[in-house]
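Starting from two chains that each stand alone, build the complex the way the hints lay out.
The chain contents come next:
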Amino acid sequence: MGKALRDHYLRIDPRSLGLFRLGMGLVLIYDLLRRFRYIKEFYSNDGVLPNHNHLFNLHGAQVWSLLHAFSTEGESTFAFLLIFVAYLLFALGFQTRFFHAVSLVALVSLTGRNILLENAGNYAAIALLAFTFFLPCGSRFSLDAIRAALAARDEKTAAALNDRPVSPDDELDAQRLPGWTPTSLAAFAVLAQVAIIYLATAAQQKGAWRDGTALYYGLNVERWVSREGAFVRHLSPAILAIWTRLLYLAEWGIPALLVVPVGFRYTRTGAAILSAFYALTLGILFSFGLYAWTLLVASLLLLPKEMWAGLEGVPSASRLRTVIYDADCGVCLWLSRVAKHADLRHHLTFQGNDDVSELLVTGKQGVYRVPAPTGLTPTVVLDSVVVADGEGHTFTKSRAVSEVIGALPLGWAVAWIFRVPGLSSLWDVLYDAVARRRQNISVLMGKEACGITAPHETDAPAGAQGPKADDEVAPAIRTARIGTAFVRELAVGVVFAAMLAQTSVANELPYKLAQPKWLASVAAWPRMMAKWDVLTPEPPKDDELFVIDGQTKGGRSIDTLTGKDPVLDPGAMRGAGLGQLWGDYLTRMHEKEWVDFQRAFRDYLAKSGPAWDEKTGDDQITGLDAYWLKQPIPAPGAERDPAAVTKEKMFTHSRGGKSGVNAEKIMPLVRPDLNLKR
Amino acid sequence: MVSDPDDVAPGERGSEPSAPALEAASPEAPSADEPSPEVPLPAAAPAAAVKKKRSERLRETLLWIRDHYCVMEPRTAGIYRLVVGFLCVADMLRHWSEARWFYSNEGVLTNHYHLWRPSSGYNFSVFHAFSSLGEVHVIFAFFVLCHFFFMIGWHTKLFSILSFVAVTSVDNRLVMVENGGYVVVNLVVAYAMFLPTGKRFSVDAWLRSWRERKEGNVAELNDRYRPDWAYKPYTSLAVLLVVLNLAVVYFFNVVNKSGNLWRTGQTVHYVLHLNRMVTGLAVFLRDLLPYWTTRPMTWAVLCTEALLVGWILSPYAKRITRAAAMIGILLLHTSFGVMMRLGPFAWFMIGWSMCLISPEQWQIAESWYRRKAAPRVVVYDRTSPLAFAICRALSRLDCLELLRFEESEGDSPELLTARDEASGTVFTGLAAFHEICRALPGGRWGYWILRVLTLGLLGALLSFASRRRAALARFFGLAIPPRGREAVSPWSPLRSKIWTGSVYLRETLLVWVAICSVLQAIAENKAVPTRIKPKMPAVMTATLTYPRMFQGWGMFAPNPITDDGSVSIDAVTLEGRHVDPFTGQAPDLDISDARGLGLGQIRQDYFNRIRLDRNKVFRQPLQDYLRNWHKETGRPEDELVAFDVYWVRAMCPPPGQTHAYKNEKIALLTYRKPGYRPPPGQPPLPPEPKVESADTIDNKATPAPSMPLEAVQKVLNLLQ
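Sequences listed follow chains A and B, in order. For what it's worth, our numbering labels the leading residue of the first sequence as 1, then goes sequentially. For what it's worth, our numbering labels the leading residue of the second sequence as 679, then goes sequentially.
Extracted from the complex, chain B is given alone in its bound form (with noise of 0.2 Å):
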């Protein structure tokens, strides 16, 4: 495969670059050769005092914010990469199971109606390179398979890439669903491919460490095997760019929620009653709470989503800032991801914010986990090649140093046994391996995580294992000391200057999308002037563009909404039956007395795009699809003889009302098939009703039903 720049330990490459974007910015320090009293200043010299000093103060600062911002720890990237991985493979399988629907020749927007009429200039995915379903199942497999590889750190740097290729790919090709979370996706995977996140806690720094560490003997194994690429810190730009954007993100969240509805704190209670986004959780406690609960609750987010800028930003007291960052964005965004269906967006927050982990976090978990944890001795049969493996491998895995390693006295009956040093305690079999992971980080879980894995056959396993440790050994072709050499080459000065010049092509791409991503924010959010708003060049636009790395931030804002709906189709089978072939049942019609549509995020965004005037041109595909709907169920008689698709829709139920109003059906979309007529004994098709805008919707026309707007002015004159 692809071999990694990487796979060569800095240590060895005498100094890696650091930060050299920020360096080239500010020279070199000057040296300490001020002038001699005895030699007489020039008369430009004090000019040249005030340059050197204001270049000398630039230097600091640049320093100051190098050493605040620009530096990661190799954990912290390998913690972003597990969780993100994670979430990108369930992400991924997320659309997989729409493939059908949204991303096949067989659903709503064939590949090659998109690349006729796609929904944005730059718009480039793999994906339209896929027609039929089986094909986009292929695609789907590939990519699931590049996300996991990332997520588990197997030539990481090659898999973040291509899993960069994946999430913006799906992106566009259904531009129609995407939401602020789709953007998120892209900027946390596209950061990923700027960081070290292949460094700790992947299948690439095991085999790394593997190949250039042999230990040949149990004081080797004592002697814990620490290289510069897993532990030196990790200065770039990519690491302000990555907690900058964070904190962006909620900034804009907050600047732009200006409505009066979240200043009354009337948007929770909105929000929990839009049927095409809740969840089933949401529903009920909508049912439960109280209004007056909501109004704290709204208030509450917007408190919170402030409060984290300066958390996330905090140069100073990062042990508690950073911390509070974490959990504030946990609780935000779980509360956001459980009540309701918007995608991708809450959980690649809570992933985001691992970026956030700094040594001092690390610190506390590992003091926690050391006192949790207790100290073992392993005393391994010193006869055994098996057993010696697993020694290499515990040792790896002891970062907190934990493990002590003993070779037995002779031949050993066991594999391995553990003692405890305390108490002399001599643990052996599946004890021993409990007690073994309960000294490891995390081991403590991962142990039962194990025995569940191994259907609790896992004594067993270890048991078989000590029996026939020998054979086991020779069929590993295992030896003491391990075969082969330490793959330990230093870095010759020339790769290093190589190393060096892609450094700096790295950073200078970095400095390019960031003054590129400054200005979208700039350009995008409703909260800046449009006065100061830039005209962006076609190559900015283009650089965020084809991946869809926006910067406009701005969840239910200015205000929530208020109006619910949906679409739905009254369609006509041959045999004359109404159906919505969405659902495959009787059409609704009516959504004032829903409780949760049931619809997923792919889902609901469809419908409430695909009502947008903006969109009218992608529902030709759609008439498309239900034309040829009789093929997916694979019943003749479903073919479909008529539809109408409507937007459906309704008032959300004014504060301390839990009813919506003013249901209505706005056509869409209308078909009739040419020349037919209902055989005798059926009802004549109905009347095609006219195709309408719904854009917009006419709130004057009917007012809410009760909460008289003169209330409305009072809370609100209240609050200001």
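Excised from the complex, chain A in its bound form (with noise of 0.2 Å):
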């Protein structure tokens, strides 16, 4: 009971952290992508907050960001390019723990250059990429791991290849290198950093979402409504009341079932399930930058190591196949070693083509021989490799790489490509060319081209050799190993406290922990700010909206935020929102809180806007207006009032725009204290 207690709490299967670590860095790369397009408005002296400016405003804050030191957009390109270049390898799992700081670094820099960008999607993201850094990540769905794993065994034949020994937790956890445990507190930080976001969350929350029009006021905020949530809104009130207590009930009950200590593989898939619901729902229907993709791949975190069990070396019966590939091949054996290595459920039995008499296949009493299918000839496997199914089918060329690839975890995603009609005939093009040239591939990766030495089949299956001598860990490691245990889980308890008290003083919580400087500015400084509080206490109940009232020097209006005439009504403007990034940036330009920040933001608007490039002649912009309006959103089934639209002017340049022109008030063409400085 006390192991099952430890794995539950203390544990998280490597298998799930590999999926995780794959998706995580698929939705970094997303969010690097994302903000690539605003690398100048957002991360470059000519857009809306310049390095020195957003130092200067800081006024010794603790936020850092490696970004500071880049100031040109071309400087900051660059710096995406590395980041970019960071996340993939994280994403591939290359020298995973290295890039895995890396990345976390790189997503502490792009938060804290700009943190009127940042959201609770940061946060999130970033305490789960802290708190998974202390666990190993990398040991599964890895190229670290096929590395390890081609390089602890050399199967030279078919035997080799399909013996799969799997050796024991004990056995793996005894040879991992010091740090490496996937024991740790760590694990446990991430399970209740998991649900101490939805706990929070759904503490927060009343009013509308009590009464179940949450989703429905929500999805009528522009700001951050995507185009699939604008369509959502239109659907019935009902249904939209039981999706919110269905989020709702999400909430609660993630945490609910991660605490449960029994029926774990339950519990923890209902969790999975919950969560992914929930993330999806928010990720569908709004634009909240990182939180809700975060929150779908922490789902992948709560996936139990039975549920693991039960795919790992569990084929699927219609997925099984026997691949037939050339024996004397050396580069065709290296790409069956690592098709073996990446086949979790033992989907493949391999077969080299010097006999093709009968065909391999697996059962429930592992590896036998059946009569080989019609299609199965001496010559066909000459030219190609060969894929055999179930039913007898067999298929060559590009069709088995197909075949192959959709019988890896995930292959499905990619193996459609090969089969797309047409196309399936240019690979098939690329398969003969590269076919042909097998043998001198082989030569050149330094693979054996032909006459691999090859055991008899009857031999034991080369590398099948248990623990040796060799693989004993030294007392002086384990001593190592313990000592680097010891600091890593200080560090994630000291992180882990962090967290909890800076959670407890952001949101509006029961109950307040101590929070001692230091303690805040362990939580300060990578941006785990723990503001969870999306949607919450309630969706706004008005819908807000920035609008540029600017002129050009040809005397057009214009609104260089969407290049389109200014329109100071909210409802007209429905689907123009600008994205999760101008939206949280806009919004704070409202907020009092920030009124430093804008100066920067008029300098950049008086030059040009995400639609309006820096114009010139006629284009040029010589004056603005800045509004916030903001219009009540009617009670659902109720139509919007035009006539209940406010409009704050937040600030003016130079002439002002052309809508908002007072005859009293026209301000000269260039203000004389600038053309003096000149």
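It cannot be assumed that every hint is accurate.
[What the hints assert, rightly or not] With a straight-line Cα cutoff of 27 Å, these simulated DSSO-like cross-link-like pairs (lysine-lysine) come out:
(1) A:K517 / B:K1309
(2) A:K649 / A:K564
(3) A:K447 / B:K1175
(4) A:K553 / A:K564
(5) A:K156 / B:K1175
(6) A:K40 / A:K553
(7) A:K156 / B:K892
(8) A:K630 / A:K592
(9) A:K517 / A:K564
(10) A:K592 / A:K553
(11) B:K892 / A:K447
(12) A:K40 / A:K592
(13) A:K649 / A:K607
(14) B:K1309 / B:K1294
(15) A:K206 / A:K630
[Said to hold, decoys possible] Pairwise CB distance ranges (calculated):
(16) B:Q1360 / A:R599: 35 to 43 Å
(17) B:H815 / A:R37: 32 to 40 Å
(18) B:I1158 / A:A480: 17 to 25 Å
(19) A:D603 / B:P1207: 51 to 59 Å
(20) A:R147 / B:L1135: 55 to 63 Å
(21) A:D603 / B:G988: 54 to 62 Å
(22) B:K1213 / A:D569: 54 to 62 Å
(23) B:R1355 / A:W594: 19 to 27 Å
(24) A:W518 / B:L1135: 35 to 43 Å
(25) B:I1158 / A:I273: 19 to 27 Å
I should point out that these hints are in silico values taken from the structure, not numbers from a laboratory. Predicted, not measured: the structure shown is a model, and the values here were computed from it. Note that CB positions come from ideal geometry on N, CA and C, so glycine has one too.
Below you can see the structure in the form of structure tokens.
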């Protein structure tokens, strides 16, 4: 029981961690590409917040970003490219721990460079990346894992390829490098972090969440609703009310399921499903940046060991395939080895093409021989890899490649590319070109081109040797491991305590924990602000919009945010959301707390806007007014009232906008003080 | 960590490409397929033959350059790394000591201000991302670690790149204090990235050799492992550049020193009287040395610098010329370094000279040490894996192969013993260890260093290891033969091709840097006629300005400075005290009686540059710093209610004299706290002086008190 509890609370399955790493890497890449569009606007000195202005206005706040060192658009683009490489290598699991750390630093830097863009998504992603850093995220589904597996077992024959001993966890643990055991306080911290995000959010929600209108109101806020959300908001209020309640239930249910100390297989799976449902809803219907997608990949961390046990090594009969590869070709053997190590469910059985009188297949009783299907002839296997399924069909060339990929985990996402009519012929041509040169490619890769020293099939499978004396871990290594583990657990403990204290301080919760300065700093520097305020306490009942009323030298009226005529009616601007980055930025511009940052924004607007690049001639901006518009969202079923729009003028630049021109307050074309300075 | 492409033995790579840039420029040698006499030559044949001859000559020339200038011993690169890495650590610690004043937002130039008003175009510094003093301490600690790892050669390539980022970042954060020394640091570390600095004398090399060769018995111990990657000379354009650039430094230093003070031999005199720059030793010497002795010293400096160019570049007699160059550089720069506060210049030039060590010098060093050292037989306990592991380590350290290993006959009471084969004397315990160390290169000094590091407990430690050898072997997992397989995997042709491609890329980058540097040298040095100075394209300027790898060389050129000066602040605190916040003492507005100001290079250069009109813009953060000075002292009563920042200057004493003259103070910045009135009993605030330019000095207004101009003219005439 004690071991089960330990495994439940202090351990996350390496496969869950591996899948999380892959998902998180993709989410980070998505986030970076999203920001790539706005490098100039948000990350360069030509944008809304030059680095010097940001640093100056921080007034010594505990914010740090490496991107502050990058000034021009070109420099920032270079930095973004470096970050992209780091994210990609993290996702692929190459030198995982190193690139995990680099990715964490990169995300903190992206967040800290412009804190007007941050939201709960950044806090969640940083917290999860920080806690999982202490866990072996690269030990499964990674290039590191494949490289290690290839180095550990040098399979030379089909028999060796078909031999898949599973080492027990204890044995694997004993051989892990210092600091790599999956049993750690970090695992508990990860689970607690996921639970706390939901719990803190739910605890702060009221009003519309209780009466079931939260989703309706949330979807009617233009600055964050997505295109899909704009479509869904037209659904019947009753459906939206049910959906709202399901979301609310999920928020309470996930922490509860994570705490329950029994029925691990079901509670964890249930929590993962609820979390995925919640995250997908928010991700598809809203533009909350990283928030929803981070929660989605966090769901993968909840997948229990028991679920994996039901998958790994348990093939689905319909996906069983036998791969007949060129036994004399080094690169073919190497590819088979890679496929074997990626084949989580053991769908693939390997067979050399030197003897195709029978077909090797895998069943409950292990690998056995059956009569060869009719399509499997000695001639066919000389020209192409052949894949045979359980129904006697054989596939060659690109279709065979497609079958192999399709048998691997998530392979269906790629396999279809090889089957697209028309495209498949092109793949066949490519396949033939490669197949013709396979001996040369083998030589190029340092593989044996032919005559691979093949032990007789009946020999003991190569690489099947158990742990040797060499694999024993020396006491010095064990001591080092204990030392590093102690340091690691201490670090996790401090970060976890900082997260708990910060959560209690940053959210409207009934209990507040003491937060000494140093603990606040531990949370603040990496921007783990733990403010879980998405749609809390309830979605706003007003639709708010930032509008620029600018005029050009040529006398045209323009909203530089949209590139269209200024529209001072939120009802008429529906569906014109600028995305999470601009949405959060403009909302903060309106708040008094951020007034110091307005000056840089005004300087930026005087030159350009996201939809109005620095223009010259008649298109040059000569003045503008900035407005914050507010319009009540009608109750479900009611109509918007265009007359209820309130207009708050935030600032004026130079001559102001055309529609806001007041005859008595016309400003000069060029400010005299500016003229003097020049 | 990041894997190193050098992790596999080049010996197994087939043929490692050498200097492809050069070879690319020189097509393959024509085969000996000269036309047969029977075959009549076509009409164009003579022209083709001439062309062929030309190309052959070009090829020969390029090959000659390659053989004479593009080849470096891995040992040389290793020593270069050790020395440069050590200097980088020391220099970073020097900057770290000024973290508050110059690199944090509590100092005289905040990061946001510098980003707002960058000192130059193409300015990038990692330090700009670090604001508070705490943050700055973190980045300094990180960079010190990077330099340290570079020095010891752990993940050498990665840390050489990070070291380069570190040195250029330090420079770019405070360009105002940059001098030639900073540029030298940037160049020296930049070249290190392209040299095989981790192949010898490094942790990387040690670990790699440990992985690749797992000796299992005494015969294998005595058969030394000499892999290609550690011994094969390295060929690259980088080697040419690192040597050529060193010569260029001296060349322009000589030709730019065209002023009459150099020619008349007065430079050393003036330099020794620059109180803001000199050390205590220089003050002592200037009092001691009569004027006439400083003149030959001036000329000696010029001559040495001129000779160094030839010595460095000489393709022949390297055994002598390179040694002469290194000794010359060592003497010249040591004298600079101990007498002047020039920052990293002198020491890094000595570090740079390490690239001049040629195979001939290694041979000399080897034969000298071989004569000093005595061969020893190391007898180890055949049953002890600990003893065997120690012998494996010794066999790697024993580059001169003066040790021979033997197994003990049976169980030995001693872990290791040493025997002198000539006399048959057997040494045990600490004495054995001493004897073994003496046979290792540098071991005779290393032994004593170890004794100091172990606080004299070396003997006790060895005795403990001997007694507990079995337990220690178990603890560290040692075995005979060692565990694991030898990690030598041959390079596939594909990997070799990728490697070749990366070598081509590297050489192409070096060619680009070389072109930029040549143009930069032409554009930047005063000695080059203006009419041939090129206008550099922006991309070239960016290539050299981001890393600040400039090529303008002219220390004290064309003439040394003859006026001394420093910044003094006359500040009034809330309690009426006059104080100079930079010293914490009462302001000293007269430097004519100074005997060295005791300022470090960073401070003295900051003072010297902040006075310049072009740096007026940086006086605002200085003012902000002074207004917040009481926060630094932690005493509210230290708040400055008024301050005047002065450039205090005086003319250096003329030759033959010892007293500076014409002391004056020029206000650079003034401040009076708005609305402040001194409380009763305190004197009123001094009137605000007029802020003026301190850029130039008007020598005509007040001539030197003695040494009439005619006398100078006479000396000049005599010399000419």
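(request) For the pair supplied as a hint, K592 (chain A) and K553 (chain A), confirm whether the alpha-carbon distance does not exceed 27 Å. (result) 31 Å, violated
(message) Check the hint pairing K206 (chain A) with K630 (chain A) against an upper bound of 27 Å on the C-alpha distance.
(response) At roughly 23 Å apart (the allowed maximum being 27 Å), K630 (chain A) and K206 (chain A) satisfy the hint.
(message) Hint check: K1309 (chain B) vs K1294 (chain B), CA-CA at most 27 Å. Holds or violated?
(response) 25 Å, holds
(message) For K649 (chain A) and K607 (chain A), compute the direct alpha-carbon distance and say whether it is at most 27 Å.
(response) 20 Å, holds
(request) With respect to the beta-carbon atoms only, verify the hint that H815 (chain B) and R37 (chain A) lie 32 to 40 Å apart. (result) 37 Å, holds
(request) Take the C-alpha atoms of K40 (chain A) and K553 (chain A), compute the straight-line distance between them, and say whether it is at most 27 Å. (result) 24 Å, holds
(request) Mind checking the alpha carbons of K630 (chain A) and K592 (chain A) for me, to see if they're no more than 27 Å apart? (result) Cα-Cα ~16 Å, so holds.
(message) The hint says 19 to 27 Å between R1355 (chain B) and W594 (chain A); measuring C-beta to C-beta, is that right?
(response) Violated, since R1355 (chain B) and W594 (chain A) (Cβ atoms, about 38 Å apart) do not stay within the stated range.
(request) Confirm or reject the claim that K1213 (chain B) and D569 (chain A) have a C-beta distance inside 54 to 62 Å. (result) Holds - the Cβ-Cβ distance for K1213 (chain B) and D569 (chain A), about 56 Å, lies within 54 to 62 Å.
(request) With 17 to 25 Å as the target window, see if I1158 (chain B) and A480 (chain A) comply at their CB atoms. (result) 23 Å Cβ-Cβ, so the 17 to 25 Å window holds.
(request) Could you grab the alpha-carbon distance between K892 (chain B) and K447 (chain A) and see if it respects the 27 Å cut-off? (result) OK: K892 (chain B) and K447 (chain A) at ~25 Å, within 27 Å.
(request) Look at the Cβ atoms of D603 (chain A) and P1207 (chain B) and judge whether their distance stays inside 51 to 59 Å. (result) 45 Å, violated
Figure legend: structure checked against the earlier numbered hints; hints not met, in rising order: 9, 10, 19, 20, 23 and 25.
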